[in-house]
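Read off the chains here:
Number of protein chains: 4
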Amino acid sequence: MNTFGNKLRVTVFGESHGELIGVVLDGVPAGLPLSADDFLADLDRRRSGARGTTSRHESDAPHIVAGIYEGHTTGAPLAITFDNGDTRSGDYASLLDHPRPSHADFVAARKFHGFNDPRGGGHFSGRLTLTLVAAGVVAKKMIAPIAVAAVIKSIGGSSDSAEFQSIIEAAMADGDSVGGVIECTATGVPVGLGEPFFDSVESLASHLLFSIPAVKGVEFGSGFAAAALRGSQNNDPIISPDGRTATNNAGGIVGGITNGNPSVIRVAVKPTPSISRTQNTLRISTGQVESLAIKGRHDACIALRVPVVVEAAIAIALAQLIPDPRL
Amino acid sequence: MNTFGNKLRVTVFGESHGELIGVVLDGVPAGLPLSADDFLADLDRRRSGARGTTSRHESDAPHIVAGIYEGHTTGAPLAITFDNGDTRSGDYASLLDHPRPSHADFVAARKFHGFNDPRGGGHFSGRLTLTLVAAGVVAKKMIAPIAVAAVIKSIGGSSDSAEFQSIIEAAMADGDSVGGVIECTATGVPVGLGEPFFDSVESLASHLLFSIPAVKGVEFGSGFAAAALRGSQNNDPIISPDGRTATNNAGGIVGGITNGNPSVIRVAVKPTPSISRTQNTLRISTGQVESLAIKGRHDACIALRVPVVVEAAIAIALAQLIPDPRL
Amino acid sequence: MNTFGNKLRVTVFGESHGELIGVVLDGVPAGLPLSADDFLADLDRRRSGARGTTSRHESDAPHIVAGIYEGHTTGAPLAITFDNGDTRSGDYASLLDHPRPSHADFVAARKFHGFNDPRGGGHFSGRLTLTLVAAGVVAKKMIAPIAVAAVIKSIGGSSDSAEFQSIIEAAMADGDSVGGVIECTATGVPVGLGEPFFDSVESLASHLLFSIPAVKGVEFGSGFAAAALRGSQNNDPIISPDGRTATNNAGGIVGGITNGNPSVIRVAVKPTPSISRTQNTLRISTGQVESLAIKGRHDACIALRVPVVVEAAIAIALAQLIPDPRL
Amino acid sequence: MNTFGNKLRVTVFGESHGELIGVVLDGVPAGLPLSADDFLADLDRRRSGARGTTSRHESDAPHIVAGIYEGHTTGAPLAITFDNGDTRSGDYASLLDHPRPSHADFVAARKFHGFNDPRGGGHFSGRLTLTLVAAGVVAKKMIAPIAVAAVIKSIGGSSDSAEFQSIIEAAMADGDSVGGVIECTATGVPVGLGEPFFDSVESLASHLLFSIPAVKGVEFGSGFAAAALRGSQNNDPIISPDGRTATNNAGGIVGGITNGNPSVIRVAVKPTPSISRTQNTLRISTGQVESLAIKGRHDACIALRVPVVVEAAIAIALAQLIPDPRL
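Residue numbers (our numbering), protein chains in the order written: chain Z, 1 to 327; chain B, 1001 to 1327; chain F, 2001 to 2327; chain V, 3001 to 3327.
Any given hint might turn out to be false.
[To be verified] With a straight-line cut-off of 20 Å between C-alpha atoms, the simulated EDC-like cross-links for lysine to aspartate or glutamate are:
1) K141/Z - E19/Z
2) K2141/F - E2070/F
3) K3007/V - D42/Z
4) K2007/F - D1324/B
5) K7/Z - D3324/V
6) K7/Z - D324/Z
7) K1007/B - E2070/F
To be clear, the hints were calculated from the coordinates, so they are not data collected in a lab.
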């Protein structure tokens, strides 16, 4: 449900246009230095503002409301909230009758018998990833000296970063959107993280990654490309007693366990389904497929905001697997 | 660890050359008709024997040792075991000193401080998937009338099924192996399965799929291809009050929740790392990279045996999400 | 840790003198009517004010900050917070050096390496039971028509309620405190709640009850008295097809499963360890046992405030076990 | 359900007259020396044979079927099974129509819609405690140097051990049974085990203890007696920097956390409900209360066999809380 993890337990709550959203982190060791400032860099990377992202000025200021004392974590649950400001009340009744294609409008109304908060996607809103990023900031501290870094690998099918901007602008000009691929690398990963049978590093990481709205694919190392290779091409010969391999087609994970090489994960982000150009989709009250024009602010390329969310997911996954700290 | 699930809890145990392997299924409703014969078709699909799979005649006969009475499940945990027969004691000490590339030999020895059972891969053996298939047989009964069916989509990069056999034979002739892609479709899926935020259908399914040895990528619907599309291409217009969409790029899942269309999942299976041709990899005692020739029986294309395992994973994932039966 | 439950997942956070305390409830069905007013009666029962309870005017106003829309639960996590007001900053450094007997001061400092928030007991404060009571209000709605009601059964060893006030006043006059026993009854409980082997009703209930500070004993039905009885005295003959028994020594639970009779639970609450009269206990800096006088406001009989907390624990336990609602 | 724990995960399965019963232990560190002989002493303590216990010669030989290699645990799940021998097929149809008072016959049939295995109590049988004892043997090794030891404190209301035998024999002569109280002490417990808010030592221990059939009460330290004391009597002054206290009314646990003193737990065991003398209880087919005489072998005092089961529960609870071993 809305809690993930065992050693580091992450619980998220909130809805896009409710009073606030938040996250509770349980299992954070006592004595970790932490302040609101520590969150700003990552929250800023997720924030809208770049060309191709929405102009909504979200109130992204983190409030650490529990679990901190004199600048350090206390060992009690850490709770961080974000007020919801700058929300515009839209015509949500209309969405319920004329649900947007590939949005959660339809499934949410059915699943929750019409009681879900439809405003801004409610609990299904991408705004919830703010809590994941905040959790990621703490998880990154917990897993140090392991470091995670994610970048955009491709946009709209092109892996030439010089083209990204023009691809996005062309989509915007058409009232359309584009997807992208994110690659995340974790370095400094020791040998032996991951638990057979069900809690492989890949299992925990993908579980979290597929919680991120718009993620539709996850692969490790050579991933889908490995399916087209021969064993002699895909195998990674060990060349050093610390487990270093000549190639890293395994993405640093063998048998579900880290092997001493960098973990490499790629994530497919679909084009945001909110587009300005009209689409045909069912109007429930009439039972007819009718033309729909979605108003409001959209991200033409939500993938631009996802790298830091992917980092958070990977950091939270690894935080489940690291040994207890010895203070 | 070795237990997955909440409503249907699956616990696996055993090692390739130990006395037996087994699975405990908790949460199976009382009154489900069940006999050992119900397992045979799926276990047979996983069995070796086809060209390109190993010639080891595994003892795949299921023993239902608990949780059944007079041909029906009792509501108590269902336990199913498989004896380990036809095991050949190999030269495992040699593997520890000269670990096979892209196998778990190295990481297992490090993780378990040399106490892991190295024979036949021990607990990391693909033989453990036998327990997953058995669990899948029960899960399929639980989720009926939802039906899951997986097929091989490509082998060695080719999606022309007429070429599969020759691609595999060419690899075998070279003492090599090939990977493949499996596609699984679940039909009859109602609207509303899946739980925000962390227990999306994709999250639960991928968690299980990445537990299967050799799986390195998972995607839903258009998956990685979606990252290259525009929203107007990837969106699925709703055309019917039951949620049916004109296209199914979402793979039947929107916002992590099933939308009334078939669930479509694709899984990348790497080429089996056990190949006959020599490879260079570290010998630990000398600290030198030395030539290694792996002896014994291998699957040239393990992907051939994986479809029924993928079905099991999807069925177990869906069994977490279906409502309680009303008897 | 700070999350309990499976079907209804309760996560608590906060420290006595931090910014706020709160609770997240996941698994609450959508469509439950709920407002802040619904909490007032139970919160009031827990509140201080009666003779024998502390005079601290806690700010017990609940803020439902997520999971509610137009007066109904949404199916997303319900989050409820309580601001911490009226806190007096005490001489907590002194407590760390001269820890109060039978308080968590000593163990908390050791467990969290001195980083715990010591103010007012921090996360160990009885104030956290406010969140449990709030969760109980929601759980009570979920389990209806099952009703839970707890009363004080004895104070300071006397089960004559007419004596309770004088017993408490005598203790207060001595700068001392007294314990008590609470009895909780759940009525309208259907046959069949509880899960073998580990999730018996008694197991889930006691797990929660022993989370309440000051609880040191839990018994069901005849409980400890049963240990002195013969089977012929303790057995409850069934007298009706709905499971009704002539006696209820089982406290409504047989084999861990509800049997159609009222559930009866008794809970031992120790005297609050904060007493005004001086005690001898170790001063860490000197290594000497020295006289300690605890200042400030105390409950002479914390048991007076516990019945509604016990009800909450029982309601939350039962909410794990009820079947899914069918809307 | 039938899995307990987080760090050490215990899964039990089996029914009294099925093929076998067993337990899977996940989270056992690799490298623990272990053989079947290690189980014999504890299994023997639980075995029947003493005056007052049943004469059934259960096949209590443990089979370690997975998770062991060359005399050490492997880090993979440890699975231990026990064959069910010496079972006599009784007239179980009659029990379903004329359910025994205070037995699980009635609730099991209702809960599982008549599909439960009724033979010998099925999954509700006390025979399942054999798996708990086996798990306890492993848990005791994990928590060393902490040691747990349980003894019978009272039988039939008498705490004079010289009277135990005659009390039991008197009950047997009357075709009746008696209950008892078990006291368990854990020594060598470090300061700091236990997790606020929900995973106090008391919570985890009681959760497990109430899984044991016939347990109806659990108390820690002075327990129910504390409810009759004043704070000045019940408080435990700290007298040593390692947390040692002058008295141990807390039973070694303050704020849910171990405080460096021995943990002391008492458990009430009800008289076994199987008695030879006739009882009146409902016959379902007639709807009338009719006389019932239970045939077969019974324990006149099941409490005699429970101390080692209590030890197992406490060891398993503590094994959840100890830090990871550093090998």
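Now the hints, each set against the structure:
1. K141/Z - E19/Z: violated, 29 Å
2. K2141/F - E2070/F: holds, 18 Å
3. K3007/V - D42/Z: violated, 32 Å
4. K2007/F - D1324/B: holds, 12 Å
5. K7/Z - D3324/V: holds, 12 Å
6. K7/Z - D324/Z: holds, 9 Å
7. K1007/B - E2070/F: Status violated; Cα separation ~31 Å.
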